[in-house]
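Asks: What follows is each chain in one-letter form.
Number of protein chains: 2
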Amino acid sequence: MSNDLDFEGWVCPLPLRDTPTIVMGHGGGGAMSGELIEQLFLPAYGGAARAELGDSAVLSVPAGRLAFSTDSFVVKPMFFPGGSIGDLAVNGTVNDLAMAGATPLFLSTAFILAEGTALSDIGRVATALGKAAEVAGVQLVTGDTKVVDSGSGDGVFVNTAGIGVVADGVEIGPARARVGDAVIVSGDIGVHGIAVMSCREGLEFGTTVVSDTAPLHGLVAEMLATGIDVRVLRDPTRGGVAATLNEIARASGVGIELVERDLPVPAEVKDACGLLGLDPLQVANEGKLLAVVPADRAEELLAAMHRHPLGSGARRIGRCVAEHPRMVVARTGLGGTRVVDLPIGEQLPRIC
Amino acid sequence: MSNDLDFEGWVCPLPLRDTPTIVMGHGGGGAMSGELIEQLFLPAYGGAARAELGDSAVLSVPAGRLAFSTDSFVVKPMFFPGGSIGDLAVNGTVNDLAMAGATPLFLSTAFILAEGTALSDIGRVATALGKAAEVAGVQLVTGDTKVVDSGSGDGVFVNTAGIGVVADGVEIGPARARVGDAVIVSGDIGVHGIAVMSCREGLEFGTTVVSDTAPLHGLVAEMLATGIDVRVLRDPTRGGVAATLNEIARASGVGIELVERDLPVPAEVKDACGLLGLDPLQVANEGKLLAVVPADRAEELLAAMHRHPLGSGARRIGRCVAEHPRMVVARTGLGGTRVVDLPIGEQLPRIC
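Protein chains in written order, with this note's numbering: chain A, 689 to 1040; chain B, 689 to 1040.
Calculated Cβ distances over 10 Å to all of chain B for the following chain A residues:
1. Gly811
2. Val867
3. Arg949
4. Asp959
5. Ala1010
6. Gly1021
7. Gly1024
Okay, the calculated bits of chain B under chain A, using three or more residues with CB under 8 Å as the criterion:
8. 710 to 717
9. 738 to 747
10. 752 to 762
11. 785 to 795
12. 830 to 837
13. 846 to 852
14. 1025 to 1032
Short, incomplete list of chain B residues facing chain A, as computed with Cβ under 8 Å:
15. Met720
16. Ala798
17. Ile800
18. Thr925
19. Arg926
20. Gly927
21. Ala931
If you are wondering where the hints come from, they were derived from the structure by calculation, not from laboratory data.
Built from N, CA and C at the ideal position, the CB exists for glycine as well.
Make the full structure from the sequences, and use the hints.
Replies: And the structure:
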């Protein structure tokens, strides 16, 4: 930013305004806060943003049911192979809405910026966020920016909240899985987590894995258009497939049995997990979904999923069983079974 | 938390679970994340929370217009005279909705917690948040929790997003002020900012000032019930009355003239501002609003405001003028005028 910033005709005389980094004043609600919105966020967001991007937005929505969701993103580093915290901030919340069967419409964006963060980095994040919103077809309608002193926060934290519309008749929920249902995954697992870990400070390892971050509501729309009773949809982010299936098993009171050889784990993910001592089932994904559907409609649903680019790798990975209710087990290649636990804590910090 | 945590029948054997503080595992999306929600957030929120508090909520709303808003809260210290970051997180977003003329209905809550933060502090914040939501009559419907390593964030950051319903015929916006309109404030100014500063590390000074944090939608409902064309409503938070009036003047293209002797500045705020070299007009408020209304209805509106506890100190402080468009001036006691600038940066960090 140069010294000739023109804020509605008023040229700032202060050398402070030459700063290439965030200073406390950007969070003060005064002229510098206004400049940050006018000169950085709005241009970076591009066509995805409402022109005013004010404290609140007034929206027209159809009568009926809305889905409402929120997520904060603290991933480190903020740029990683295949994406950035800006992409995640859109896709994470869009996908939470999609998993309720909703069509996402509106997002809020709230940034917590650490003093000293480069404005160019924030610009790159905001540009990625705007592009991801355009791709997902959601409008950025309201926002907030706070600045914290260095040492109190680092880099960029982003929160998004989203509103979507749920069509009549759509009833999706984690408690709806029934014994006999098929468990389906939309594609390769473990990719996002390994992509982020591969460039984490002190943990660099060479890999060609790039994050799978993507908005899933288009794929969900294809699935719902079949008319099949999709009982459960979830995106297996933090805690991976293991955490998500355990939650479904507990909420529905069924057992879940996976067939290990049917799990789509790319070779690079398998190798990296071996190196790091991780279970691919516990590694985070950002552009994948798990679905539980009646077994007799599973092939039909898979055919529909295969027609969508984000579902081309969809496959059946297991089924809901009456045995071991509320527990997930995997049948191993050797004919034995192992328990797939809910992870207790975290494998490695900050991947979404 | 004790060693006999019972998570759906499963007793944790790890000494880690004895921790009285946040550890990275609480943000991992696994068992510890579940425990934090089940055993801390849900009990603390009490009746204000939906039982499931999941990744997303499906809500029934009437057709028409919705207001949507978001705010992050990073106030330091997290407890201050008259409130906490938990109260602010509810009232801040409720008030952004109220300033659009909306009745607030639903809030999301997203916490970013630093490793090492005492669980008891988080419990106190969440309890205050739940109580404030009950007072404001809003439901906490969806949430998120992330943990960042110590040194990357400190204590507790909270984001809330909110949805409210805007009644037909309500048209409130910062660009609607007209020459001749009266400018009204709902009560004493500068109170919240001084209350927070009074207990800031390294800045302690004795004062009896307590934060004015409060939800304002009840007062707004009384104002709108008069049928008076309330043109602009804004809560003067960061940047204070000065920032808010400058924004209104710029958006509406009018000048605003304040009468300095009519500004309700409590003696303690005046004293503290003198000590710290601050302009009370630039100090943050959390439970006050500014209204711009047709001058011929101002007395009638003030009478309605006086009937509400949060409007008992309401008074006229100025008017919109054709002179000096897009600029705010104050007439001083000596008959002169001074320009009331949009603050450039920030007086002191983190007051909301």
